[in-house]
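Undergrad: From first to last, the protein sequence lines are chains A and B.
Under UniProt numbering, think of the first position of the first sequence as 1, with each following residue one higher.
Under UniProt numbering, think of the first position of the second sequence as 1, with each following residue one higher.
Some clues are possibly wrong.
Unchecked claim - Under the rule of at most 20 Å between Cα atoms (straight-line distance), these lysine to any residue pairs were calculated in the SDA-like manner:
(1) B:K105 x B:P222
(2) B:K323 x A:S131
(3) B:K15 x A:D129
(4) B:K396 x B:P374
(5) B:K396 x B:K323
(6) B:K403 x A:E36
(7) B:K15 x A:P59
(8) B:K323 x A:A102
(9) B:K290 x B:D308
(10) B:K349 x A:A159
(11) B:K403 x B:D307
(12) B:K15 x A:H19
(13) B:K15 x A:S131
(14) B:K110 x B:D135
(15) B:K310 x B:I331
(16) B:K15 x A:A145
(17) B:K403 x B:H353
(18) B:K12 x A:G61
(19) B:K12 x A:A102
(20) B:K15 x A:N6
(21) B:K323 x A:R113
(22) B:K12 x A:N58
(23) B:K12 x A:N140
(24) B:K106 x B:D252
(25) B:K349 x B:P374
(26) B:K349 x B:G309
(27) B:K106 x B:P222
(28) B:K112 x B:T94
(29) B:K12 x A:A15
(30) B:K396 x B:D252
(31) B:K349 x A:A102
(32) B:K12 x A:D163
(33) B:K15 x A:A159
(34) B:K106 x B:G120
Since the hints were derived computationally from the structure, they do not count as laboratory data.
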Amino acid sequence: MRQGRNEEYQEFASARAGHLYRSACLLTGGDTHLAEDLVQETLGRVYVRWGRISRADNPAGYAQTVLTRTFLTHQRRHSSRKERAADALPDLPDPATAGDTALRLTLVEALGRLSAKDRAVVVLRYWEDRSIEETAAAMNTTSAAVRTRCVRALGRLRALLGDTLGEYART
Amino acid sequence: MPVEEHDPFEDKFTKALHDAGNTFETRRPDLVARGEARGRRSTSRRRIAIAGSVTAVALTGALVLPGSHGDGVRQQSAAAGMAKPAVPPAPHTTVTRDELIDTLKKLLPKGKFSQEEGRGTDDRLTPYAQVVYDDGNGKAAIGVSLQRLLPGDRMGREATECPDKVFVAYDTCSSVTLSDGSALMVLQGYEYPNRRSGTKLWSADLVTPTGQHVSVQEWNSPAEKGEPVSREQPPLSTTQLKALVSARAWRDAVNAMAVPRGKAEPRPEQGVTGRPVSSTLASLLPKGLKVVARSGKNEGFGYVVLDDGKGESFVQANVQFIKDTDPDQRIIKDQLFGADARTLPDGTKVVWHQGPGDKNVKGGVMWTVDTIRPDGRRVVISAFNSGTQNTPPTRKAPALTMKQMETIATSTKWRQPLG
Chain A
1 MRQGRNEEYQ
11 EFASARAGHL
21 YRSACLLTGG
31 DTHLAEDLVQ
41 ETLGRVYVRW
51 GRISRADNPA
61 GYAQTVLTRT
71 FLTHQRRHSS
81 RKERAADALP
91 DLPDPATAGD
101 TALRLTLVEA
111 LGRLSAKDRA
121 VVVLRYWEDR
131 SIEETAAAMN
141 TTSAAVRTRC
151 VRALGRLRAL
161 LGDTLGEYAR
171 T
Chain B
1 MPVEEHDPFE
11 DKFTKALHDA
21 GNTFETRRPD
31 LVARGEARGR
41 RSTSRRRIAI
51 AGSVTAVALT
61 GALVLPGSHG
71 DGVRQQSAAA
81 GMAKPAVPPA
91 PHTTVTRDEL
101 IDTLKKLLPK
111 GKFSQEEGRG
121 TDDRLTPYAQ
131 VVYDDGNGKA
141 AIGVSLQRLL
151 PGDRMGREAT
161 ECPDKVFVAY
171 DTCSSVTLSD
181 GSALMVLQGY
191 EYPNRRSGTK
201 LWSADLVTPT
211 GQHVSVQEWN
221 SPAEKGEPVS
231 REQPPLSTTQ
241 LKALVSARAW
251 RDAVNAMAVP
261 RGKAEPRPEQ
271 GVTGRPVSST
281 LASLLPKGLK
291 VVARSGKNEG
301 FGYVVLDDGK
311 GESFVQANVQ
321 FIKDTDPDQR
331 IIKDQLFGAD
341 ARTLPDGTKV
351 VWHQGPGDKN
361 VKGGVMWTVD
371 TIRPDGRRVV
381 ISAFNSGTQN
391 TPPTRKAPAL
401 TMKQMETIAT
411 STKWRQPLG
């Protein structure tokens, strides 16, 4: 990679790594070790393709798509991880940096109850603010499938979270 | 906003998700350096692999130039690491955005066209063409999108099987296998899950045995969203939709796309360790209630649609395990079963919630009984006063009373091992 492009990559990776990591933590339902591995893999792939990613493109969106697909491929290969095992726990962030520990625990645990694909839809739609069409493109699936997953996942989350989101009612 | 409809739960959830996500901070400052190191290793492995393959063919007297690597996302191995040395087959000549739009216009009956947009097969994202078409009876958006799948892949089946009516609103749907082995689904549905604003979305999806996926969609409005309905129905009949989706030109265009690497994903495995939630739920229902639909074999989540003769009612169950011995899980438990929880003689805690249902459906209600046993087994039963989570109410209240739901949730039948 040329020096100039390399510097651009470095700048991009440094700026985006934190966000990618947070996305990965949500995708993995709080498995921070797997999240780190996925982010490294994602950044590695973006590095390989960097020369072909035009400045006019949206490298941040591209990296997020790579992360989602890397996650889904990983889940497919480790099918036992499709849903959180009954006794598996989310790894949690440093309590010192935690805002509302109880809410975060409950929410991440509830996310962990969803299938990997449902979780990917939720993260792309509600964390990344992607449209149905964009979510479908990122996941290599159809808009109809995304709609179905989205409704089903929200229905489950609504039941699992109960009234725990009540405090967000007025914010 | 990611949502096309205003739903208080979605708003709250979106905010809570951002707050929760933003609390994660990596303790690994070298994440960027490690990522770059992986990229460098992968690049050098690929160079060696390509050099090796060129040497090999040179020795046999034939030289095949490696084609485009296409989308690196689909073509490389994932977190497992090792890049495969094989070079993917070169795709055929690119079909441009303009060519796709022209093809769509030529295949449609005579009319006026405007707002043409699209992406060619050389784009990183899915190729598509979309136009606003007016046959004289009102403007309508019509689009076609193309995808190349691995033959027999799960995604192809997913795209051509009629969806579960509980999650997608539609009037008619047919799914057939054509004489050449292609699967075809034609669906007459709605843009919004609750049929809001009357925007209809009719679609046809065709997946060939070799993995060519063509998807055609049409609306009775000049845009998917945000524009009023311009005509009663979308312009193309189901017969016309079938003809459009089956046109040879689309399959030729899909052939210009890179073939994804890897193996086709088979049908997802069904759980084998325990009983499906929907079966347990169905077995616990009071007498006199007819189950008109139910979910598959999932062991953590399931639903049934009930009919007691007074209208359909959607009932879902979630089963999970919360370990009280772990401090973090105890926080979750305390959050869910706070001061308003009742404790039954066997130590089971119970909370009742009654609130509005999904998507601001007028008059829609969702009743929930949340329970947790002393061993940490949590069973949540929710019931709606409609046959799905997002359609207008079919009755005043769900088909189950709160007491009946509590009886179901606290049944000993939920004590079986969880998968």
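Undergrad: Does each hint hold? Answer for all of them.
TA: How the hints compare with the structure:
1. Restraint check: the Cα-Cα separation between K105 (chain B) and P222 (chain B) comes to about 15 Å, which is no more than 20 Å; the hinted pair holds.
2. For a cut-off of 20 Å, the pair hint linking K323 (chain B) to S131 (chain A) is broken: about 37 Å separates their Cα positions.
3. Distance hint between K15 (chain B) and D129 (chain A) is fulfilled; the C-alpha atoms sit about 12 Å from each other, no more than 20 Å.
4. Using a Cα cut-off of 20 Å, the hinted pair K396 (chain B) and P374 (chain B) is violated, with the two alpha carbons roughly 35 Å apart.
5. About 38 Å separates the Cα atoms of K396 (chain B) and K323 (chain B), which puts this hinted pair outside 20 Å; it is violated.
6. The hinted pair formed by K403 (chain B) and E36 (chain A) fails the criterion: a straight-line CA distance of about 46 Å is larger than 20 Å.
7. Proposed proximity of K15 (chain B) and P59 (chain A) is contradicted: the alpha carbons are some 25 Å apart, above 20 Å.
8. Between the alpha carbons of K323 (chain B) and A102 (chain A) the distance comes to roughly 15 Å, so the proposed pair stays at or under 20 Å and holds.
9. The hinted pair formed by K290 (chain B) and D308 (chain B) meets the criterion: a straight-line CA distance of about 6 Å does not exceed 20 Å.
10. The hinted pair formed by K349 (chain B) and A159 (chain A) meets the criterion: a straight-line CA distance of about 16 Å does not exceed 20 Å.
11. About 18 Å separates the Cα atoms of K403 (chain B) and D307 (chain B), which keeps this hinted pair within 20 Å; it holds.
12. Between K15 (chain B) and H19 (chain A) the CA atoms are separated by roughly 16 Å; this keeps the pair inside 20 Å, and the hint holds.
13. Between K15 (chain B) and S131 (chain A), the direct Cα distance comes to roughly 17 Å. Compliance with the 20 Å bound is thereby established for this hinted pair.
14. A hinted pair counts as satisfied when its Cα atoms are at most 20 Å apart, and K110 (chain B) with D135 (chain B) qualifies at roughly 7 Å.
15. Only pairs whose Cα atoms come within 20 Å are accepted, and K310 (chain B) paired with I331 (chain B) is rejected, the gap being roughly 41 Å.
16. Restraint check for K15 (chain B) and A145 (chain A): not satisfied, since their Cα atoms lie roughly 24 Å apart, outside the 20 Å limit.
17. Proposed proximity of K403 (chain B) and H353 (chain B) is supported: the alpha carbons are some 12 Å apart, at most 20 Å.
18. As the CA atoms of K12 (chain B) and G61 (chain A) are separated by approximately 24 Å, the hinted pair breaks the 20 Å bound.
19. This hinted pair checks out: K12 (chain B) and A102 (chain A) have alpha carbons roughly 16 Å apart, not beyond 20 Å.
20. Distance check on the hinted pair: K15 (chain B) and N6 (chain A) sit about 36 Å apart at the alpha-carbon level, beyond 20 Å; violated.
21. Proximity of K323 (chain B) to R113 (chain A) is assessed by CA-CA distance (about 15 Å); at most 20 Å being required, the pair is judged to hold.
22. For a cut-off of 20 Å, the pair hint linking K12 (chain B) to N58 (chain A) is broken: about 28 Å separates their Cα positions.
23. For the hint linking K12 (chain B) to N140 (chain A), the alpha-carbon distance of about 28 Å lies beyond 20 Å, and the restraint is violated.
24. The hinted pair formed by K106 (chain B) and D252 (chain B) meets the criterion: a straight-line CA distance of about 15 Å does not exceed 20 Å.
25. For the suggested pair K349 (chain B) and P374 (chain B), the alpha carbons sit about 8 Å apart, so the restraint of at most 20 Å is met.
26. For the hint linking K349 (chain B) to G309 (chain B), the alpha-carbon distance of about 33 Å lies beyond 20 Å, and the restraint is violated.
27. Restraint check for K106 (chain B) and P222 (chain B): the C-alpha separation of about 19 Å stays at or below 20 Å, so the hint holds.
28. Distance hint between K112 (chain B) and T94 (chain B) is unfulfilled; the C-alpha atoms sit about 27 Å from each other, more than 20 Å.
29. The straight-line distance between the Cα atoms of K12 (chain B) and A15 (chain A) is roughly 28 Å, outside the 20 Å bound, and the hint therefore fails.
30. Note on K396 (chain B) and D252 (chain B): the hinted pairing is violated, with a Cα-Cα distance of about 53 Å set against a maximum of 20 Å.
31. Of the supplied pair hints, the one linking K349 (chain B) and A102 (chain A) holds, its CA atoms being roughly 19 Å apart against a limit of 20 Å.
32. The hinted pair formed by K12 (chain B) and D163 (chain A) meets the criterion: a straight-line CA distance of about 11 Å does not exceed 20 Å.
33. With a CA separation close to 17 Å, the supplied pair K15 (chain B) and A159 (chain A) stays within the 20 Å bound.
34. At roughly 17 Å between alpha-carbon atoms, K106 (chain B) and G120 (chain B) fall within 20 Å of each other, so this suggested pair holds.
Of the numbered hints stated above, those contradicted by the structure are hints 2, 4, 5, 6, 7, 15, 16, 18, 20, 22, 23, 26, 28, 29 and 30, listed in ascending order.
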